[in-house]
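Chemist: Given next are the chains, with one letter for each unit.
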Amino acid sequence: MTSAASSVTSAGRGGGRRLVDRVARVRELGIVVALGALFAVTGAANPSFLSYGSLRDILLNSAIVALLAVGQTLVVITRNVDLSVSSVVGLSAFGGALILADHPGVPVPLVIAGCVALGAACGAVNGLLVGAARVPALVATLGTLYAFRGVDYAWAGGRQVNAADMPEGFLALGTRSVLGVPLPALVALAVLLTVGWMLRNLRSGRELYAIGSSPEAAVLAGIRVRRRVLTAFVANGALAGLAGVMWAARFGTVDATVATGKELDVIAAVVVGGVAIFGGSGTVYGAALGAVLLASITSALAVLRVDALAQTAINGALLLAAIVLDRLLALRVAAALRRRRSP
Amino acid sequence: MEDTPVLSLLQVSKAFGAVRAVREVSLELRAGEAHALAGENGAGKSTLVKILSGVHRPDSGRILLDGQPVEFAGPADAQRAGVAVIYQEPTLFPDLSVMENIFMGRQPRARLGLDRRAMRAATAELFGRLGVHLDPDRPARGLSIADQQLVEIAKALSRQARVLVMDEPTAALSGQEVARLFGVAGTLREQGVALLFISHRLEEIFELCQRVTTLRDGALVATDPIGDLTPDALVRRMVGRELEALFPKQDTTAGEVALSVRRLTREGVFTDVSFEVRRGEIVALAGLVGAGRSEVARAVFGIDRWDAGAVEVDGRRLRPARPTAAMAAGLALVPEDRRQQGLVMDLSIERNIGLAGLTALRRGPLISRLAERERARDWAVRLRLKFARLGDPVNVLSGGNQQKVVLAKWLARRPSVLIVDEPTRGIDVGTKAEVHRLLSELAASGVAVLMISSELPEVLGMADRVLVMHEGRLVAELDRAEASEESVMAAATGRGRP
Ligand SMILES: Nc1ncnc2c1ncn2[C@@H]1O[C@H](COP(=O)(O)OP(=O)(O)OP(=O)(O)O)[C@@H](O)[C@H]1O
Ligand SMILES: [Mg+2]
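Residue numbers (UniProt numbering), protein chains in the order written: chain A, 1 to 343; chain B, 1 to 498.
Mixed in with the good hints, there may be bad ones.
[Said to hold, decoys possible] Have a look at the derived ranges for each label pair, beta carbon to beta carbon:
1) A:102 - B:70: 17 to 23 Å
2) B:321 - A:307: 56 to 62 Å
3) B:18 - A:216: 44 to 50 Å
4) A:330 - B:446: 39 to 45 Å
5) A:330 - B:267: 17 to 23 Å
6) A:39 - B:112: 30 to 36 Å
7) A:154 - B:66: 41 to 47 Å
8) B:305 - A:155: 56 to 62 Å
9) A:328 - B:60: 18 to 24 Å
10) A:143 - B:191: 53 to 59 Å
11) A:321 - B:395: 34 to 40 Å
To be clear, the hints were calculated from the coordinates, so they are not data collected in a lab.
Bear in mind that the values here come from a model prediction, so they are computed numbers and not experimental data.
Every residue, glycine too, gets a C-beta built ideally from N, C-alpha and C.
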């Protein structure tokens, strides 16, 4: 292993290293390429797909899932999962709408803060179940998926809040655009950039990756694993709470069934976005791009007049393709890494 | 003036269920002193380390820091108190870069975010001191055991601790890396760091340490100044009886060629490697860490693909990257990385031993649990396995005992060609002789053995022929008479190419 050791490995290293480096970035890049291809093909078949209105719709439609995907990524990175997000969204959307409808005097920012806090509380329940009670996340959050939804049903008691019951100013938040970009998309973008920065640049952010990469090693490294996992769940819950308000503002009509089944879209976006489902790697940017890609595909299929049943099948096929690709890439990287030793 | 020890244990005990791993042990670590902990596999050394590092809380007894009682509620507490630990089993984050592994939780910060450039520079500086050639930016995934161990060492050094605990840091390292580590450790000692060192290579203990504490079955035997002991006396303390000399290989006549490797090349890893192993022979593959020895073994066994060349077992050509076919052809590999490749950590001891030779245990379409248990019991006795029950998962075994299970698993298979990669890594002196005797017996019964080892005495004592690799190439082939410490090291470091 003297200095000349590098000369032996240099032959395969150039290629291997380039591959590794490219693959490291390819997750996000791959989605961008897929998006480009999708827009080119669909746009060629039907130019109206590229119109401002259509693009604006895609952004609006993906904003909420993207926001949820960012939160979910925080949890998945730690080798956990949160299935209960859709119920949290439902609870927060209904709670927010109800307050706005029944107590018109309460200022909107306070309602939004309340919804975020409600979401954070739900996240804390999940986090405590997983961290303190050591229930596997899949089981714990499956339980709370039903529990939170049950609370939602009991609270609503069959009631529905309509757009007419809510203040104009609030509903405008869901549809207004700033410089041509819908406000929910801007909110999602701001959250995305903030969380992305934190994951990369805070020690606690790096610790989330460490926990997911090897929980046992994280304990030995002195990382407070339970606290970090709890934080991830709380942050995810808070974002789900925020997504709930956005839902109410955007759609106007809110009942107890809001966002039912959305958790699968969110996890699909995360997986398509290249976040490893067993933790330790992936970025929020990938997850958000995954959300945009899935929303774009739905829009494209509608524009291309593919019927709704086929759409589900196509989404499924895409998910499988993403998982297979992920696996293949992981194997390639592992093989390349074994060849690479010297700097 | 008698200075107070930096860290001491007073009558600490720790039990796991019925297993009393540590029993009322006291230990004093002093500034500027290297203290060795010796004992057989399962004697309780790693458990003691984990008490010092806050992983385990002692059931009774006290920990004193600078003479004051402390409680470590977790590893973070011990770290804050200035205790840095290199654990026996590497504890890296495979998805994260090597430098982040080293600085996790202590990454240098810039005004905005993390200072990755400073982190890279600090890593390069640490690697420079240790003579490690690794890219700080590469992920830890895919590192060899030796490289993982070197990263662990760098990690512990980076903490600039007052107490540095090293649990078998040298087990996978060859002479050159060990010398570097000892150089660094010596400097730390002069700076007043207290060292605790564990190794089954007794000569290392005598080289580095000033005092030795010996454990047997979890209990303290004695603490002696190193000058009062000879290696034999230390072994007697550990084992509690006289030990026969390290087992030299018995002479056998080599039969026909069983394994033939011709011009094997894996691009960027090893080049043009050709050799043969005959029945009855033990051929050692020596070299420095990173010379490509394990990589050759992995390729021959079919775990990694090769780019050019050929491998034949008993005259039959193997197809690349087909481990199942290799096994069917009579090849067996005891891998270096027992946790990743050798064992199913959650499975029981008997299951793990049975795993590689299920055919022999088959009764019709079913596996006979009785035969499995019988075989496991037999091997447990032969290798002096220390365990509570055969049904226990292997991850509760001590490191050396896990290694014995890996060995048993493959030896039980009776292969025609056996490749062993660091077969005695972490195995105590007593059992080492037993493993050597077993390998020798296997060879005598007609098995061709290829042995990779970083331990020169093992290579010289066991091998009929020594192949030396340097930077991915086979640079020397020495027969038993030619092989000596000097000739092997010269070839391994690239000097004195014949
Ligand atoms: N988590 C655990 N659960 C149950 N038993 C354990 C556990 N950890 C260790 N033991 C047992 O405690 C005893 C001491 O183990 P320890 O790892 O301390 O040995 P050691 O001296 O480090 O041995 P080696 O030289 O093989 O590393 C062994 O019998 C082992 O099986
Ligand atoms: Mg140990």
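Chemist: Out of the numbered hints, which ones does the structure contradict?
Modeler: 1, 2, 3, 7 and 9
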